[in-house]
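Visitor: The primary structure of each chain is shown beneath.
There are 2 protein chains.
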Amino acid sequence: MVDPINIEDALQHIETLLAANDLDSAAEFLRSLHPADSAEILSTLEPDIQSALVARLQPTELAEVLGQMDEDDAAEVVQHMDVSALADVLDEMEPDVVADLLGELEPEAAHQLLQEMDEGEVVAPLMAYPEDSAGGIMNVAPPCLRRHMTVAEAFQFIKEHYQDANEIFYLYVLDRYGRLIGVVNLRALILAEPEQTIEEIMDRDVISVRVDADQEEVAQLLARYDLLALPVVDAEDKLVGIITVDDVVDVLEEEATEDIYRLAQVSEHAEIFSPITQAIRNRLPWLYINLGTAILASSVVSLFEETIAQVALLATFMPIVAGQGGNAGNQSMTIVVRSLALGEIDVDSAWKALRHELMLGLIHGVLLGVTIGLIAWFWKGNPWLGVIIGLAMLANLIIAAIVGVLVPTTLKRLKVDPALASSVFVTTATDVMGFAIFLGLATYFLNWLR
Amino acid sequence: MVDPINIEDALQHIETLLAANDLDSAAEFLRSLHPADSAEILSTLEPDIQSALVARLQPTELAEVLGQMDEDDAAEVVQHMDVSALADVLDEMEPDVVADLLGELEPEAAHQLLQEMDEGEVVAPLMAYPEDSAGGIMNVAPPCLRRHMTVAEAFQFIKEHYQDANEIFYLYVLDRYGRLIGVVNLRALILAEPEQTIEEIMDRDVISVRVDADQEEVAQLLARYDLLALPVVDAEDKLVGIITVDDVVDVLEEEATEDIYRLAQVSEHAEIFSPITQAIRNRLPWLYINLGTAILASSVVSLFEETIAQVALLATFMPIVAGQGGNAGNQSMTIVVRSLALGEIDVDSAWKALRHELMLGLIHGVLLGVTIGLIAWFWKGNPWLGVIIGLAMLANLIIAAIVGVLVPTTLKRLKVDPALASSVFVTTATDVMGFAIFLGLATYFLNWLR
Chain G
12 MVDPINIEDA LQHIETLLAA NDLDSAAEFL RSLHPADSAE ILSTLEPDIQ
62 SALVARLQPT ELAEVLGQMD EDDAAEVVQH MDVSALADVL DEMEPDVVAD
112 LLGELEPEAA HQLLQEMDEG EVVAPLMAYP EDSAGGIMNV APPCLRRHMT
162 VAEAFQFIKE HYQDANEIFY LYVLDRYGRL IGVVNLRALI LAEPEQTIEE
212 IMDRDVISVR VDADQEEVAQ LLARYDLLAL PVVDAEDKLV GIITVDDVVD
262 VLEEEATEDI YRLAQVSEHA EIFSPITQAI RNRLPWLYIN LGTAILASSV
312 VSLFEETIAQ VALLATFMPI VAGQGGNAGN QSMTIVVRSL ALGEIDVDSA
362 WKALRHELML GLIHGVLLGV TIGLIAWFWK GNPWLGVIIG LAMLANLIIA
412 AIVGVLVPTT LKRLKVDPAL ASSVFVTTAT DVMGFAIFLG LATYFLNWLR
Chain Z
12 MVDPINIEDA LQHIETLLAA NDLDSAAEFL RSLHPADSAE ILSTLEPDIQ
62 SALVARLQPT ELAEVLGQMD EDDAAEVVQH MDVSALADVL DEMEPDVVAD
112 LLGELEPEAA HQLLQEMDEG EVVAPLMAYP EDSAGGIMNV APPCLRRHMT
162 VAEAFQFIKE HYQDANEIFY LYVLDRYGRL IGVVNLRALI LAEPEQTIEE
212 IMDRDVISVR VDADQEEVAQ LLARYDLLAL PVVDAEDKLV GIITVDDVVD
262 VLEEEATEDI YRLAQVSEHA EIFSPITQAI RNRLPWLYIN LGTAILASSV
312 VSLFEETIAQ VALLATFMPI VAGQGGNAGN QSMTIVVRSL ALGEIDVDSA
362 WKALRHELML GLIHGVLLGV TIGLIAWFWK GNPWLGVIIG LAMLANLIIA
412 AIVGVLVPTT LKRLKVDPAL ASSVFVTTAT DVMGFAIFLG LATYFLNWLR
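Protein sequence lines, in the order shown, are assigned to chains G and Z. Positions in the first sequence are counted from 1; adding 11 to them yields the working numbering. Positions in the second sequence are counted from 1; adding 11 to them yields the working numbering.
Among the hints, a few may not be true.
Since the list can't tell identical chains apart, any single copy or any two copies may satisfy a pair.
List time: in silico SDA-like cross-link candidates among lysine to any residue, alpha-carbon distance up to 25 angstroms [to be verified]:
| hint | residue 1 | residue 2 |
| --- | --- | --- |
| 1 | Lys-391 | Glu-316 |
| 2 | Lys-363 | His-24 |
| 3 | Lys-391 | Tyr-299 |
| 4 | Lys-363 | Trp-297 |
| 5 | Lys-426 | Arg-67 |
| 6 | Lys-363 | Thr-27 |
| 7 | Lys-249 | Ala-74 |
| 8 | Lys-391 | Arg-67 |
| 9 | Lys-391 | Ile-300 |
| 10 | Lys-363 | Gln-289 |
| 11 | Lys-391 | His-122 |
| 12 | Lys-426 | Phe-284 |
| 13 | Lys-170 | Leu-314 |
| 14 | Lys-391 | Val-358 |
| 15 | Lys-363 | Asp-223 |
| 16 | Lys-363 | Asp-81 |
Simulated from the structure, these hints should not be mistaken for lab results.
Starting from the given sequences, assemble the full structure and let the hints guide the process.
Guide: See the structure below:
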């Protein structure tokens, strides 16, 4: 039984071998691991060492390892390989993975490889679809059954056509025009009598997706209906490909990471140990955008410097109102963004969500407003300060509810990823309005504060 | 072919039927949908209508619908059902789902149902494991092959023992002590000759998990090695259960949602249309915690009220330094939290991550410090103000890097979910230190600012 290996230990082992310049043993060690593990280790090595190790692997071995890498890492590993050697490797890989990999290369190099490959004409059509669409993640359609086949014939068909398949998820049934009319799972086939026809045992309710569907929608469908694979059809219901659950597991992790990073205002390409220049590109632009919005909020404060000079304790309470608005707005925004991503709401439910969040904002605003009002009163001994900060808190939490719903739903309506830019707008709104309302009220009632 | 239905339309349709008090047609409509869709619709209806509809469904129909619900929703739907009727329904469901559902009921009621059920002794052991462990999400072990069986015998075995299974993922091979020694996939079985033995065609490299492994680890293993199912073993390597990829897809979505919500300081139970009282419970405690930390930060500002009274424009710049620290700290923290969740780093890599983030904090701090310094100088005409705010910015970004790494890794080391509480600590640190350093420097160099 194989226990999943400890990557840190494996890395250390290979580094020891490399330090001793024992490339053959290092290649041998890689070969002994699960391809997913070799892929991770190979990705972390220096380019010249990668090349040396890659040269020592058989095409089928390298194909398995490349199949487990992110396409950008894989593209880096193969970039110095000879065209015909690489074409042999690519012929051993799954066409959808090859299409993604080729998409990372220079168009010229990709074209040359497609020419050189035996399976070039299978891969080329897959490259036409956007990377994050059903077409972009699907694999070529598997060999399909016809409804008049008997179970015995189907077994024979599988023996002939699935010799090279890694796994059979479902067997699809097509009519004579190539349109999808049914599905049979292997269990049903095994349990059936040899002389039964496919038509008798097939399930006519096939859930499928259109080739232009978004990959997130595909993932939701598979998750919702607990499917192992989803057939992909074109506008005429003809089967053009298949998406399997293992691809979707990767999509789900990718999409979740993307949302988490975008909500935190980090590029979705961020990785914990990105090279520093890359890390700066992933994060600094967002910090500068935030600096811009912070200066905008500051310029609001700047309008009230006279008031603050007279009642300096306003500076003490100023960040509380803005900060609580930011936190509440962030809560509403995050729930809306995630619910949009999971398909639990669509933009048409925006009004319902707005009513819900406004009600919450009102209740939270009253409770937090009274709390901070009492604290301010007893801390600084001025009841009017309490009233002003309490009212400002209430107003800012209502604003937070409004922007927390309207910003992400509006971005979604404009076909922008709501996770991408919502934080900036929500924080700017709650900062600017938080400062303006609190300091504005304070200026208006200045005589009662002094 | 079935297109995935539009839930909004379906809801409207059933509401029309219910408004006309036509419960029979409503039940009929539910029956016509995919159980996943019926489950979603049923969850949104009022309790008395749920009961009326549930009473109109056959045990097998209800079992399918309940199997697609969250366990808390399912528990609500069944709470008023008669014990023996419910036991019949539960007997039709998958044991792992029943175990989760029973876990939501009163212990007394759960015990009574286990007694009443035919499958009670299959379900009971599953209830012993923590809900988020491998044991908590696994299903009972499927019937297994022995290595001396022939392929023909294996087919016969499947016909006898898998009559009721939904799906066959892999066939596992056990030795005489019940220990896992191999795995055969159905494709290999179909392609093999009838007289070959299982031993000849089985794969001895079986990846498995221990019954006490965390569900997140399980999800990572399945995703990493592209598996459809993972066998679960006890301390003696005996097969005790199986976790299938469809359960893991749900786990991945759950865990991602949990992380996203916790990072935004919302309870992981939040849903967009939670009842208001529930929504308040999910969010208000976090707002009060933040109010506490905001008051802490304010009390730092309060120490410098004298300085602010003399140089009111400090109030203008004060939020910028704290805010940028908060944003940068949030970036580091989010990347560390997500990398921990995906298993890309562990707590032992904390020092490496700290070095990386410190370097970034230094570079970002210098760039943002110079930028804001120049802006402050030209805006307010005082170069010393620029120097002070620039230095404060640099210092706070370095602090942000430190807390952004150390807070989540320390929480992880303490076995607390890093997503849960990191934001509070990071924001508190960057606010308190941002105000203290900026206003402290300003007080020290007060003569040059006036």
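Visitor: For each hint given before, does the structure comply? Return the numbers of the non-compliant ones in rising order.
Guide: Violated hints (numbers, rising): 5, 7, 8, 11, 13, 14 and 15; every other hint is consistent with the structure.
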